[in-house]
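Trainee: Fit chain B to the given chain A structure using the hints.
Note that the protein sequences, when read in sequence, are chains A and B. Just so it is clear: in the first sequence, position 38 is 38 by my numbering, and no numbers are missing. Every number in my numbering is 212 more than the matching position in the second sequence, counting from 1.
Be a bit skeptical, because a hint or two may be false.
Subject to a maximum C-alpha distance of 20 Å in a straight line, what follows is the list of computed EDC-like cross-link-like pairs (lysine to aspartate or glutamate) [claimed, not checked]: (1) A:K95 to A:D73; (2) B:K270 to A:D73; (3) B:K270 to B:D386; (4) A:K95 to A:E155; (5) B:K307 to B:D345; (6) A:K71 to B:D345; (7) B:K283 to A:E192; (8) A:K71 to B:D386; (9) A:K71 to B:D410; (10) B:K283 to A:D198; (11) A:K95 to A:E141; (12) B:K307 to B:E353; (13) A:K71 to B:E353.
In silico negatives: residues of chain A with every beta carbon more than 10 Å from chain B [what the hints assert, rightly or not]: (14) R41; (15) P66; (16) P93; (17) A115.
Since the hints were derived computationally from the structure, they do not count as laboratory data. Ideal Cβ placement from N, Cα and C applies to all residues, glycine included.
Residue-level listing of the chains:
Protein chains: 2
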Amino acid sequence: MDVGAGRVYRRTMQAPIEFYFDFSSPYGYLASTRIDAIAARFGRETVWRPILLGAVFKVTGGRPLPTLPLKGDYATRDTARFARLWGVPFRLPSKFPIATQAPARASYWATDRDATLGRRLAGALYHAYFAEDLDIGSPEETAAVAASLGLDRAETLAAVHDPGIKERLRHETDSALARGVFGSPFMIVDGEPFWGADRLDQLERWLSTGGW
Amino acid sequence: MDVGAGRVYRRTMQAPIEFYFDFSSPYGYLASTRIDAIAARFGRETVWRPILLGAVFKVTGGRPLPTLPLKGDYATRDTARFARLWGVPFRLPSKFPIATQAPARASYWATDRDATLGRRLAGALYHAYFAEDLDIGSPEETAAVAASLGLDRAETLAAVHDPGIKERLRHETDSALARGVFGSPFMIVDGEPFWGADRLDQLERWLSTGGW
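Isolated chain A, as found in the complex (with noise of 0.2 Å):
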């Protein structure tokens, strides 16, 4: 009999904390240069999950943060703020919101061929966005800051027109709605929903305490 043997090869994995946001978003920008290394201190990985919040606000009603009377005004304040206190090269771009289609759809193209690199391009987009005032809701803009990562130019650009990968955006917007999301950032900790790049001090918490 060796019916318990198996089990020296079955470890028991942490489930990953899914990280959904939109390139447009500079809440979600904050929070992705964070939420690796928080997942990392807990033995953890992270599924990076961009998403059309257009779509999404199709369904809530929600509307980009600029044309929120008020609202839109202490937002720019309050990231520039945030960014400040945390360290981030950050500035408002000048083109401000973008549609993110093809940002998105690099990214799970290259997340297709490679987690960590997928990772890393939507690092390296946001980065561009977000510190660089670079428009990545252009394909030809998004294949640049890819090629700056080794990947194929042409292949980035075939990748972001792909009917394919256009539908896997399409099936992972309609998911994350599925599954309550409507915002970003918007992580999902054993089945624990946290909103915002202010709920990150408690997802640490959530994950060193088991929850509360």
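Mentor: Using the frame of chain A, we list chain B on its own:
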């Protein structure tokens, strides 16, 4: 010559922390349990300013949490989780949200008599609603809470219906809007705005550092 002598008596008074809130706001309730202690650590006073978020929302297009798809459900979970983390008694009231003219007017009336009493009454009203599930939207319930602090029940009821105090609440709400207040809680420290119970940590850091 005695030019400098006056300075001995001219104390550098630090401005109070202004605390805007609506009595129907669970995040406002959470913040109300901490704002005075935070202020006290830095030798500051607080000024509690109840407002009518419904009037604010007419200008901003905002809507009450329970009416927001997905976000409403999340807020229910998040407020309860927040309260457990902070050790604050909390349950979502049976009737939520409510119109908050009665507790807001009673608070201004009490504050005009004695600022400390006004803060105590506001705290007791918040506790009655979010910890004891009492409908403070009712003038009678608000007067009962006031009576528990030794205020005269009939005088409190009269204050709730007093034209001057009604106008005062309208004025405070309009002034809040003019200062950029769009939600609850909303704190202003030396001109710097902080929105949300989840900004109390940054507010405290602002007080300790003088800003960044």
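Trainee: Are there hints from earlier that the structure breaks, and if so, what are their numbers?
Mentor: Result: hints 4, 6 and 13 break, sorted rising.
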